[in-house]
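K.L.:
So you can see what is in the structure, the chains are spelled out below.
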Amino acid sequence: MALGVTLSWLILIILIPLSGLAWRSSALGWGTFWTLATDQRTVNALRISFGTAFAAALINVVFGVILAWVLVRYRFPGKRIIDAMVDLPFALPTAVAGIALTTLYAPNGWIGSLLAPLGIKIAFTPIGIVFALVFVGLPFVVRTVQPIMEEIDKEVEEAAATLGANRFQTISRVLLPGLAPAVLTGFALAFARGVGEYGSVIFIAGNLPYISEIAPLLIVIRLEEFNYPAATAIAAVMLIISFAMLLIINMIQAWSRRRYGYGS
Amino acid sequence: MAHDVTTTGTGNTELVRVATSESRFARYGLIGTALCFVALFLVLPLAAVFTEAMRNGPGEFLTVLSDPETFAAIELTLLVAVIAVPLNLVFGIAAAWAIAKFEFKGKAFLTTLIDLPFSVSPVISGLVFVLLFGSHSLLGPWLQSHGIQILFAVPGIVLATVFVTFPFVARELIPLMQEQGTSDEEAALSLGASGWQTFWYVTLPNIKWGLLYGVLLCNARAMGEFGAVSVVSGHIRGLTNTMPLQVEILYNEYNFVAAFAVATLLALLALVTLVLKSLLEMKYSEQIAASRRH
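Just so you know, the protein sequences line up as chains A and B, in that order.
The working numbering puts the first residue of the first sequence at 128, with every later residue one more than the last.
The working numbering puts the first residue of the second sequence at -6, with every later residue one more than the last.
I should point out that these hints are in silico values taken from the structure, not numbers from a laboratory.
Remember, predicted model here, so these are calculated numbers, not experimental data.
Every residue, glycine too, gets a C-beta built ideally from N, C-alpha and C.
Please note: incorrect hints may appear among the correct ones.
Straight-line alpha carbon distances no greater than 25 Å define the calculated SDA-like cross-link-like pairs of lysine to any residue that follow [stated by the list, open to error]: (1) Lys201/B - Met372/A; (2) Lys281/A - Glu279/B; (3) Lys281/A - Lys201/B; (4) Lys100/B - Met372/A; (5) Lys276/B - Asp210/A; (6) Lys98/B - Asp210/A; (7) Lys281/A - Lys100/B.
Residues from chain B shown here face chain A by an in silico Cβ test under 10 Å; the list is partial [claimed, not checked]: (8) Leu55; (9) Phe253; (10) Lys276.
Take a look, some chain A residues computed to stay more than 10 Å from chain B by CB distance [as the list claims (entries may be wrong)]: (11) Pro244; (12) Gly326; (13) Trp382.
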């Protein structure tokens, strides 16, 4: 019975709506689909979405690993609060995050006004999009890397040290390679989330067509113009690229887990 | 995590400290970097919400919040959560039960499907319902002739929210129930309990904290969802605006104090969620299998 409930609920809520999207985009016909998907504004929007999500995920890998390391290895005042704060982006509605980040990084904002005299502009540029996506993606990296880091056997480090490795060598040659699968997973999750993110980005992006307009926003714009074929085509392209990338990352992950890998 | 480890015997503490932990310089550098990053990206945005809302003093903050449109938005948000969360609670238990306690073909595929809404853009999650129920769709004309309004009305908002929050409870419970295995249930059944009794007196008490954890996250997302809801809601003031949508409208009208005032309520919700979540993790970490995996 449980399986029956699960399946019917799944089919009703997930499968029928999603197959509607697939059916709609295939009904467009290949020629129309291609014209819509290769429209310059669409291509730019997709490039911006995937590019900024990639950059943000990279930044999150660097700082997320440092943050996870600090939380697992060191003791300092307020650590528990910081640990809990990492999940803030999961809990804070994206629209709230969006207006808060814009307030901070706008040219007249708290941080933006410090950077403006230096000629650095964050809000209303693609850099602003990256900042919003860094916020949104951070917990994905920290929360995938942290538990694996906690599992690391101290003996591995001791062995490396006994064999004459200095601390930097131990970390870069022994510890980090073992964390690679977890880091990749975190990267993939942050990246996937960033590509589709809407709420936190639209306030800070400035939304200039061809320059700082993300793909999800273009879908919304096309919907408001009642241009359903165009909206469907952009959505289909986004889904196809995302799934392809996740597939590739899964394959790299399986490979690196065989090669290095702690735990699972 | 003791760093100044002392060795037994030799007394050459310096050598051991260098070997299995970083130098003091590196340690402070890393902590400093992490704290700056957290301050810039997490603490300051949160502080900005509260400061901006209080910019013109608490009086205006309260006036703004007592606006009837804001009130309607709060009501709608609560209504949507009250419908969507229990639906996904029941589904989550059923799905986790089916996946963890039974063997069948295509289990991995089913698990992937449950996770699907997490990898779909919220805007696309809204779009699929527009394509399904819109006036130009297959169902559209039929719905219209029967006077059923789904899009730009509460049912559409609930559907989109259910879609987006679909995986939360299930993915929290699946690893937990898998870990617990089926021996407790087998014992209950062999002692003559009915299937329902087994579930109510054996399974449910075993998973209650994990369940609460999943519901907590599910609720936070249900109340805060923006992208999917914004596509299906139609933004009718006082009628189909949830709190996050109300924040957007006020902000775009340059009514910043009001926008941030509504935002503080959502930020408070987020903070309460985080506190409860941390408490659950601290007290019942054993009963929340997936506590650190999202």
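K.L.:
Would you mind confirming whether the straight-line C-alpha gap from Lys276/B to Asp210/A stays at or under 25 Å?
P.N.:
Distance of about 16 Å is within 25 Å: holds.
K.L.:
Hinted pair, alpha-carbon criterion (25 Å max): Lys98/B, Asp210/A. Please report holds or violated.
P.N.:
Violated, at roughly 39 Å.
K.L.:
Beyond 10 Å from every Cβ of chain B: is that where the Cβ of Gly326/A lies?
P.N.:
violated (4 Å)
K.L.:
Holds or violated: are the alpha carbons of Lys201/B and Met372/A at most 25 Å from each other?
P.N.:
violated (37 Å)
K.L.:
Using Cβ atoms and 10 Å as the threshold, tell me whether Pro244/A really stays out of contact range of chain B.
P.N.:
Given a closest Cβ separation of 19 Å, the condition holds.
K.L.:
Holds or violated: is there a CB of chain A closer than 10 Å to the CB of Lys276/B?
P.N.:
violated (14 Å)
K.L.:
Go through the hint on Phe253/B and say holds or violated, using the shortest Cβ distance to chain A against 10 Å.
P.N.:
holds (7 Å)
K.L.:
Verify the proposed pairing of Lys281/A with Glu279/B, using a straight-line Cα cut of 25 Å.
P.N.:
holds (23 Å)
K.L.:
Taking 10 Å as the cut and beta carbons as the points, is Trp382/A off the interface with chain B?
P.N.:
Trp382/A is indeed farther than 10 Å from all Cβ atoms of chain B, at 19 Å.
K.L.:
Assess, step by step, whether the Cα of Lys281/A is no farther than 25 Å from the Cα of Lys201/B, and give holds or violated.
P.N.:
At roughly 34 Å apart (the allowed maximum being 25 Å), Lys201/B and Lys281/A break the hint.
K.L.:
Can the restraint linking Lys281/A and Lys100/B be considered satisfied, given a maximum Cα separation of 25 Å?
P.N.:
violated (36 Å)
K.L.:
Grab the minimum C-beta distance from Leu55/B to chain A and call the hint holds if it beats 10 Å, violated otherwise.
P.N.:
Check failed: Cβ of Leu55/B comes no nearer than 19 Å to chain A, outside 10 Å.
Consistency with the previously given hints fails for numbers 1, 3, 6, 7, 8, 10 and 12, ordered from lowest to highest.
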